[in-house]
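Visitor: Sequence:
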Amino acid sequence: MRITAIVEALVQSGASPEMILCAVRAAEAGQQSEIERRRAGDRERQQRHRARVTSRDVTATAAGVL
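Mapped onto the working numbering, the consecutive letters of the sequence shown carry residue numbers 541 to 606.
Worth flagging that the hints you see were computed from the coordinates, not collected in a lab.
All C-beta atoms, glycine included, are put in the ideal place defined by N, C-alpha and C.
Please note that the accuracy of each hint is not assured.
[As the list claims (entries may be wrong)] Quick list of simulated restraints, FRET-style, between CB atoms:
#1 D597 - R577: 41 to 51 angstroms
#2 S595 - P557: 52 to 62 angstroms
#3 V593 - G554: 49 to 59 angstroms
#4 I560 - R596: 27 to 37 angstroms
#5 E574 - D597: 34 to 44 angstroms
#6 A580 - A555: 47 to 57 angstroms
#7 S573 - A603: 44 to 54 angstroms
#8 L561 - Q586: 34 to 44 angstroms
#9 A603 - E568: 33 to 43 angstroms
#10 R542 - E584: 27 to 37 angstroms
Given the sequences, and given the hints that come with them, work out the whole structure.
Guide: See the structure below:
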């Protein structure tokens, strides 16, 4: 959910500035944890890709030799 939508809803309901601040901090923390989770997955996927690409186990074939 967008932070502006959260703030608008809290302002309309008459929330105190402290309550709004707490809600914004919680929303930002949730977004940060989601970003970190995604980055961790991206990091692992990239490491697996690099391990495959840089592997020295290569089967060489001679083109045109029969």
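Visitor: With respect to the beta-carbon atoms only, verify the hint that I560 and R596 lie 27 to 37 angstroms apart.
Guide: violated (58 angstroms)
Visitor: If I claimed the Cβ atoms of R542 and E584 lie 27 to 37 angstroms apart, would that claim hold in this structure?
Guide: Given a distance of about 29 angstroms, which is inside 27 to 37 angstroms, the answer is holds.
Visitor: If I claimed the Cβ atoms of D597 and R577 lie 41 to 51 angstroms apart, would that claim hold in this structure?
Guide: Roughly 32 angstroms apart at Cβ, these two residues miss the hinted range, so it is violated.
Visitor: Is the hinted range of 34 to 44 angstroms satisfied by the C-beta distance from L561 to Q586?
Guide: Given about 37 angstroms between the Cβ atoms, the range holds.
Visitor: Return holds or violated for the Cβ distance of V593 and G554 against the range 49 to 59 angstroms.
Guide: holds (58 angstroms)
Visitor: Confirm or reject the claim that S595 and P557 have a C-beta distance inside 52 to 62 angstroms.
Guide: holds (57 angstroms)
Visitor: Is 34 to 44 angstroms respected by the C-beta to C-beta distance linking E574 and D597?
Guide: Check passed, 37 angstroms falls within 34 to 44 angstroms.
Visitor: Evaluate the given range 44 to 54 angstroms for the C-beta pair formed by S573 and A603.
Guide: holds (51 angstroms)
Visitor: CB of A580 to CB of A555, is that within 47 to 57 angstroms?
Guide: Violated, at about 34 angstroms.
Visitor: Per the hint of 33 to 43 angstroms, is the separation of the Cβ atoms of A603 and E568 within bounds?
Guide: violated (57 angstroms)
Checked against the numbered hints given earlier, the structure breaks hints 1, 4, 6 and 9 and satisfies all the rest.
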